[in-house]
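Visitor: Heads up: the sequence lines are chains A, B, C and D, in that order. Under my numbering, the first sequence is numbered contiguously, ending at residue 171. Under my numbering, the second sequence is numbered contiguously, ending at residue 1171. Under my numbering, the third sequence is numbered contiguously, ending at residue 2507. Under my numbering, the fourth sequence is numbered contiguously, ending at residue 3507.
It is worth saying that the hints were derived from the structure and are not from the lab. All values derive from a computational prediction rather than experimental measurement. For glycine and all other residues, C-beta sits at the position ideal for the given N, C-alpha and C. Any given hint could turn out to be false.
Stated by the list, open to error - Pair by pair, the computed Cβ-Cβ distance ranges are: (1) D:3362 with C:2067: 44 to 50 Å; (2) D:3335 with C:2335: 18 to 24 Å; (3) B:1098 with D:3174: 28 to 34 Å; (4) D:3335 with C:2254: 24 to 30 Å; (5) D:3362 with A:19: 50 to 56 Å; (6) D:3451 with B:1113: 23 to 29 Å; (7) B:1128 with D:3118: 30 to 36 Å.
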Amino acid sequence: MKYIATVKDQEYTIEIDADRGILIDGRPQEVDFRRLPAGGVTSLLMNHRSVAAVVEERSDHWEVLIEGELYSVQVQDERAYRLGRMRTTGMSVDGEAIVASPMPGIIVAVPVAVGDVVQRGQKVVILESMKMENELRAPCDGVVTHIHVSAGASVEKDQPLVGISQEHDEA
Amino acid sequence: MKYIATVKDQEYTIEIDADRGILIDGRPQEVDFRRLPAGGVTSLLMNHRSVAAVVEERSDHWEVLIEGELYSVQVQDERAYRLGRMRTTGMSVDGEAIVASPMPGIIVAVPVAVGDVVQRGQKVVILESMKMENELRAPCDGVVTHIHVSAGASVEKDQPLVGISQEHDEA
Amino acid sequence: MLRDDGLLVQKFDKLLIANRGEIAMRILRAARELGIATVAVYSDADRNAPHVRFADEAYHIGPPAARDSYLVMDRIIDVAQRSGAGAIHPGYGFLAEREKFAQACADAGIVFVGPPARAIGIMGDKLMARATVMAAGVPVVPGTTPGQTDAEMSAAAREMGFPVLVKAAAGGGGKGMRPVSSAAGLADAFASARREAKAAFGDDTVYIEKMIIEARHIEIQLLADSHGNTIYLGERECSLQRRHQKLIEEAPSFVVDDDLRRRMGEVAVAAARAVNYVNAGTIEFLVDRDKNFYFLEMNTRVQVEHPVTELVTGIDIVQEQLRIARGRRLRLRQEDVVINGWAIECRINAEDPYNSYLPSTGVITSVQLPTGPGVRVDTGVFEGNEISPYYDSMISKLICYGETRGEAVLRMRRALEEYRIMGVKTNIPFHQHMMDSHRFLSGQFDTKFVEDRFSMDDRDTAHALEAALLATLAAHEQNQRAAQLVAPGARDTSNWKWYSRWERLRR
Amino acid sequence: MLRDDGLLVQKFDKLLIANRGEIAMRILRAARELGIATVAVYSDADRNAPHVRFADEAYHIGPPAARDSYLVMDRIIDVAQRSGAGAIHPGYGFLAEREKFAQACADAGIVFVGPPARAIGIMGDKLMARATVMAAGVPVVPGTTPGQTDAEMSAAAREMGFPVLVKAAAGGGGKGMRPVSSAAGLADAFASARREAKAAFGDDTVYIEKMIIEARHIEIQLLADSHGNTIYLGERECSLQRRHQKLIEEAPSFVVDDDLRRRMGEVAVAAARAVNYVNAGTIEFLVDRDKNFYFLEMNTRVQVEHPVTELVTGIDIVQEQLRIARGRRLRLRQEDVVINGWAIECRINAEDPYNSYLPSTGVITSVQLPTGPGVRVDTGVFEGNEISPYYDSMISKLICYGETRGEAVLRMRRALEEYRIMGVKTNIPFHQHMMDSHRFLSGQFDTKFVEDRFSMDDRDTAHALEAALLATLAAHEQNQRAAQLVAPGARDTSNWKWYSRWERLRR
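This is chain A alone, in the form it adopts within the complex (with noise of 0.2 Å):
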């Protein structure tokens, strides 16, 4: 079995064989993974390299922890991978990219109006929640094509505020 694991724009070709053993990247390498009976933890020998880690899966991706730094993984196999290089990821269908509130809170501010052109990680909404002002960011360079709320607004957890168009260069 061959899977495509992406870490952080960075991929790696990982082979499963039952008779080959496990080969990243084309090269064999001794692997011995043990999952504890409880507590959640995974322990994985590289080549006599100890490694611990958290491994849960989420919707659509897998978290793992090691030594603080949380790793997310997309996992496919070759045919998902290729399906997958076809469509363009992260963006609803019509091309709109929607900033959504990753929490309850109060709108603190909108510090863009529709049709300003922005930048990814660039400042669109000023969120306060859990005692702190916490800034969302546009997560492509774009076009402002909506602004659903305004300044006062309380929002929910998932509620659209900011919708961002991709085509703006090609307009």
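Fit chains B, C and D to the supplied structure of chain A, relying on the hints for placement.
Guide: Relative to chain A, chains B, C and D alone:
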């Protein structure tokens, strides 16, 4: 639903009634019981008194850990309780109690002989395991009817070591 | 005993803790160790929280929002009376610095574990606090009194030299505060600070203060009993902040020597005496690069970062709070307080350091606490607890002790690696990155360091390959199981081992 | 550097830990804090043990039985060489006090983190140790030299006065030891001690010693560098034992004052110097009711109970071991060692205190560590680990610190209540009962206290009713679920609340 819970020879009658709430030995109690979604901890508020516990099922009883103390609880509904009272408990059908090895180890000594009259709590086998000599004791008063091992023998977990008949005082 | 200043001081055997999270746990433990029975209060969001389980009794006080539960004074005093609690410990936040609440406790015949209401009132008003401590000879940052005209403030600013800060008299948490680098910016700053202050506090009084460059935030921990004895327990270095929220604290401070410690300590004692302070409190100072120090404010309560002082002095500050509230004399004199070794605290928050420190909510699925020598965790979160959006995002505090600062840092690195929290994102990588930073290691930082000169972008993470492999093995295992319809019960004992053909041949 | 005495002392960057359980974890943490890479070894029974996960590398060394894995010297030295480890730390037990192993390490060019092989050899032979330290002026329990005839020993016994102990020269752990209260019992005791010694050690040499009444077991922790500096870190009180297994240790001791500490410390240093000792070691003494002290033996390794000394001195003993093995000079002089506060350690064993302390095996289903101020846990066991019959039953050590002994005891009570281990029985109730005992609280105990005057039978347990209710609610919930075919996923969020009709009416 009416249950009889037995802890250390003390019996409690606990009624869970959709209409009347919870009654312990006939007296109503205000009870708020929560089981956390992970970690195995339960929280009980009973008339505002707070008790935290780990509750786990074993083959024939429940184990409840509260503030360092492990309680072994038998829970029976009324019918099972009445049936149970008609049988002798903890004995095999022919009235012989078996002292079995609680873990693998080596027999250091068997300080009783077939025909000896023993009292509950009396040392009947000394077993070396986990770097310690451990004393196994008679579970009831009786007469030693069988000795299955001798000093120096290696034994497995649950291996029968000594049989004790309860019926000596009727003989 | 009800003192002349309205403070009720007397023995009690049952304590209500009017708080939640790690500080509620901290106080519960101190009370238990002193043999005092405990009463917890909880909102709807906190029925499963650990402070409910650890207390002897627990009472529900309302819906999740703090204003409807933890901030409702009457309801908390009512629980104290129903449960027979003779005292209330407010922790920090919530009701801890409400003059009215301290007074309401005394009026109800309940010991408030804190200072007299009047001391809270004075120290809670920035301008009154400033005037009071100045009169006691405490140095303050040069600045104006409130209620001056724009023209008067502009003149004062020119005299003390730019940059200056325009601040709201009723302010806090950075709200209504504006840095101004030249006279030209003053008018705008007055207007916008007033607007923000009016909106946030209902009071648009502003004043100006000289802005201290390369300032460090260093504070002195005090203990004062009800018999007139006040001592200082050395300093804490709290310069590592983000948006006025402290993130890492340590004791002692890299820049404080014995002489400066004694001078700051004595000034802090004088400031406390100026308001007839009783119980634990902290004087916050700004220290400039020439080691001049200026009174910033007094926190009239136990602080989040109190454990670092506990580790280097061996004194249990929360137990001392309870002893003082019971009317006991301090057991220690100033000369008994000795600083040994070094302690560092990292605040572990549910937030994503790689994404603007956005708070993270959810259910904690797995926790493994670091332990072993020199490691202390003050936590209010265990497996199965939910991090809800209703309260602040601090999950726990990780505190490490070492014989030297270097050893404390190395131990903190080790403890951060061991600490596993799954279910929400945490700022553990932020702390790891800080512990690796040369600026932190060499003690060269000020209150602007985190915001201005620290970035997570240059962090190298070493285990991407292993993470990829582990996720793939877990996914593969799941696929195999789905295909073969293995019973769910068998799931938990999977142990796989592969040797490559190459490896097998070599053997 | 290979010294004249055969001890190899030099810098190393990778350390093999030839042990398992909590002490392997303890050493791993110390190495990590010093920036030293780590190599674990494991038997078949320990693939899932935490020391395997915490190390940087791990190597399998054989089947579960220690004689086939942790005790196989060649295999461990082979792993050190394959992995490039420059040093081996033996922990305690296993190979820690094998002269041959220390020598084999040196021969292989590997640093042994411990004393010279010869020092292990001398101190490992009771009679040679006794002769060596006597020559250095160290007081020993009156007794005979070995190889004497029964008649000579009987005469000596009459001269020193009964009771006496007949002891095996090669003995340990109480084997081959017989108390004799009058001359009439001597002949039988000689015979049976010889028989047992022959069977256990292959050597039937015996000798006699005066039996000390109301003896306390008090030991002195030493550190010696390879440059001739030896210091003592104060004493540990270890009298609470059962069958020669220590259960509770504390520092300092209730019965040792400054003068006695200094005298015992200086004698301990003299004993160590008599064998040119290097690294951490402990001199065990018996102290009688008149505070006379007698050399018992030297433990030439780190001890289980070392953390209590670490907490009251602030010194990390395992880090010091590694520094000494790397050839560094001690950073501390004797006058720098100061004892602050009080520390108590409870050994948490998987055993049933209500049933003859029978060991308990199984998989740990749930662990919640106590934490917060003044609490340290040194553990080698986490959720999912198995307690197997192959190794000893110690799960972890719980160590509490307080400003006074009373505060340490109260904190220990609190921590024992918080500590949850499910899946095996533990001796936590034993420790709770001890912390409640008046004899323990007043410090009035000797080495016979646990066996002769302490019983679990009089322990009151307070929560039988709540346990009954909780088990019944869990059983009921399970019944309801079975009857209604609730989806398994819904299982984990069950929250039930009942108010009695009476309660509802009252509202």
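Visitor: All hints, please: hold or fail.
Guide: Cross-check of the supplied hints:
A hinted range of 44 to 50 Å holds for the C-beta pair residue 3362 of chain D and residue 2067 of chain C, which are about 49 Å apart. Checked against the hint of 18 to 24 Å, the pair residue 3335 of chain D and residue 2335 of chain C passes, with Cβ atoms roughly 20 Å apart. Between residue 1098 of chain B and residue 3174 of chain D, the C-beta spacing of about 31 Å keeps the proposed range 28 to 34 Å intact. At about 27 Å, the CB distance of residue 3335 of chain D to residue 2254 of chain C agrees with the hint of 24 to 30 Å.
With their beta carbons about 38 Å apart, residue 3362 of chain D and residue 19 of chain A fall outside the hinted range of 50 to 56 Å. With their beta carbons about 27 Å apart, residue 3451 of chain D and residue 1113 of chain B fall inside the hinted range of 23 to 29 Å. Checked against the hint of 30 to 36 Å, the pair residue 1128 of chain B and residue 3118 of chain D passes, with Cβ atoms roughly 33 Å apart.
Hint violations for this structure: number 5 only, all remaining hints satisfied.
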